[in-house]
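Undergrad: Here is how the chains run, residue by residue.
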Amino acid sequence: VDDERGILESLQRLLTCANYKALLAESGQEALDLIAKEMPDLVIVDQRMPHMTGSEFLRIARGKYPKMRAIMLSGYSDFEGLVSAVNEGEVFRFISKPWQNQLLLEAIASAVEKKNMDDFHKEGGVV
Amino acid sequence: MTTDGKKIKIMCVDDDEGVLKSLERVLTTSGYQVLLANSGLKALEILSKEDPLPSILIVDQRMPGMTGSEFLRIVRDKHIGVMAIMLSGYSDFDSLVSAMNDGEIFRFVSKPWNNQMLLEVIAAALGKKRVHAIAEALSNNIKMIVEKSQDLRIETNFDEDAVTVKVLEDGKVISGGMMTSFLDTVFDAMGLSHDERIQKVSGAISKGHGSVMLVINVGEGLVLKIVIPQVKE
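Chain order of the listed sequences is A and B. Residue numbers are given in the numbering used here: position 43 of the first sequence equals residue 43, and the series is strictly consecutive. Residue numbers are given in the numbering used here: position 81 of the second sequence equals residue 1081, and the series is strictly consecutive.
The following block holds chain A by itself, in its conformation from the complex (with noise of 0.2 Å):
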């Protein structure tokens, strides 16, 4: 999640190489709208974002999926955001921008490792 369409294609390259599913959006309220029809495993999200910031996306996502896992990228050293996003956004890691491609892999791996049994995707309805 991340108004600027650049690090969301730079995003995107990297993940889907490393064989991730990657959806992008580009506001809180479009990552609200997708998370409600396709449930990621992880939310790699941008703080400063115009009208709902990272935080503020992550409390009412995370009010609605508690056990959601997020990594928050950011280029600018807000210390309250930052408070908001342990407190209320539960995030798991804090990247700054740039980051390092190498260093994103590995926090997304540690996101994701307790949630590698979970791939079992539902194909026939229920019994």
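There could be a bad hint or two in this list.
Claimed, not checked - Simulated crosslink set (DSSO-like; lysine-lysine; CA at most 27 Å straight-line): (1) K1128/B <-> K67/A; (2) K1225/B <-> K1129/B; (3) K1207/B <-> K1172/B; (4) K1128/B <-> K64/A; (5) K1128/B <-> K1172/B; (6) K21/A <-> K1166/B; (7) K1128/B <-> K1143/B; (8) K67/A <-> K21/A; (9) K1225/B <-> K37/A; (10) K1143/B <-> K1049/B; (11) K37/A <-> K1006/B; (12) K64/A <-> K1200/B; (13) K1166/B <-> K67/A; (14) K1225/B <-> K1207/B; (15) K1207/B <-> K1166/B; (16) K1207/B <-> K67/A; (17) K1148/B <-> K1078/B; (18) K1225/B <-> K21/A; (19) K1111/B <-> K1129/B; (20) K1006/B <-> K1078/B; (21) K1143/B <-> K67/A; (22) K1148/B <-> K1049/B; (23) K1007/B <-> K1042/B; (24) K1129/B <-> K67/A; (25) K1225/B <-> K64/A; (26) K1129/B <-> K1166/B; (27) K1200/B <-> K1128/B; (28) K1129/B <-> K64/A; (29) K1021/B <-> K67/A; (30) K1007/B <-> K1021/B; (31) K64/A <-> K21/A; (32) K1129/B <-> K1200/B; (33) K1021/B <-> K1042/B; (34) K1042/B <-> K67/A; (35) K1207/B <-> K21/A; (36) K1078/B <-> K67/A; (37) K1009/B <-> K1042/B.
Claimed, not checked - Counterexamples of contact, computed for chain A against chain B with all Cβ distances above 12 Å: (38) E9; (39) A22; (40) L23.
These aren't lab readings, by the way, just hints derived from the structure by calculation. Positions of the beta carbon are idealized from the N, C-alpha and C atoms, including for glycine.
Following the hints, position chain B against chain A.
TA: Chain B in isolation, oriented as in the chain A frame:
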């Protein structure tokens, strides 16, 4: 605040004796057992001897010798499953990033703190830890009982919201009878009555990838996922 009649233990780490005294007062009054350490090193020393370990650590960030994040990093590397709350009077961005990333803190609380708020944060941390403990116990219990009584190999795994039990095929032919007996064993391990079994299982089954998955709500915000091979009769 007790578990099995014993007081819940909280360790406070701060170089300011006044802060330690205040924390001790408020936590003791609320029924917790409190351990105090005036440095990260002292805290590590206490942790190495203390049994059982404290459930919660309340840690100051700026301390001479070892910062709160450095201390928490060592604690995390030792795989001590303890929830950490950082208490700090400084608004230092980089320290907070390191407390998050290295210390995996549960909450950040500013000094001076509000006692009521701190107690609520502690209660939330204990709630999370409790669910984790239930998931771990359920996972271990099922594994132990199934491995003792069944000719099946299983893989168990748990995280914050789910315990997953997967029956491994190992190239063997798994019959419907084996699966029924396996599920009975799991439900026995969970202490479910016959009626509860029917109620919990109905509507909880889905098929896919040659497997059948049952998702059963076990309460406390936890689900049990049972993945078994699809049996061809």
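Undergrad: All hints, please: hold or fail.
TA: Checked hints:
no. : hint                : verdict
1   : K1128/B <-> K67/A   : 11 Å, holds
2   : K1225/B <-> K1129/B : 20 Å, holds
3   : K1207/B <-> K1172/B : 20 Å, holds
4   : K1128/B <-> K64/A   : 17 Å, holds
5   : K1128/B <-> K1172/B : 39 Å, violated
6   : K21/A <-> K1166/B   : 24 Å, holds
7   : K1128/B <-> K1143/B : 23 Å, holds
8   : K67/A <-> K21/A     : 19 Å, holds
9   : K1225/B <-> K37/A   : 22 Å, holds
10  : K1143/B <-> K1049/B : 30 Å, violated
11  : K37/A <-> K1006/B   : 45 Å, violated
12  : K64/A <-> K1200/B   : 24 Å, holds
13  : K1166/B <-> K67/A   : 21 Å, holds
14  : K1225/B <-> K1207/B : 13 Å, holds
15  : K1207/B <-> K1166/B : 14 Å, holds
16  : K1207/B <-> K67/A   : 24 Å, holds
17  : K1148/B <-> K1078/B : 31 Å, violated
18  : K1225/B <-> K21/A   : 23 Å, holds
19  : K1111/B <-> K1129/B : 24 Å, holds
20  : K1006/B <-> K1078/B : 25 Å, holds
21  : K1143/B <-> K67/A   : 24 Å, holds
22  : K1148/B <-> K1049/B : 34 Å, violated
23  : K1007/B <-> K1042/B : 22 Å, holds
24  : K1129/B <-> K67/A   : 14 Å, holds
25  : K1225/B <-> K64/A   : 21 Å, holds
26  : K1129/B <-> K1166/B : 24 Å, holds
27  : K1200/B <-> K1128/B : 24 Å, holds
28  : K1129/B <-> K64/A   : 20 Å, holds
29  : K1021/B <-> K67/A   : 36 Å, violated
30  : K1007/B <-> K1021/B : 19 Å, holds
31  : K64/A <-> K21/A     : 22 Å, holds
32  : K1129/B <-> K1200/B : 25 Å, holds
33  : K1021/B <-> K1042/B : 16 Å, holds
34  : K1042/B <-> K67/A   : 34 Å, violated
35  : K1207/B <-> K21/A   : 23 Å, holds
36  : K1078/B <-> K67/A   : 25 Å, holds
37  : K1009/B <-> K1042/B : 17 Å, holds
38  : E9                  : 26 Å, holds
39  : A22                 : 22 Å, holds
40  : L23                 : 21 Å, holds
Hint compliance for this structure: hints 5, 10, 11, 17, 22, 29, 34 are not met, and every other hint is.
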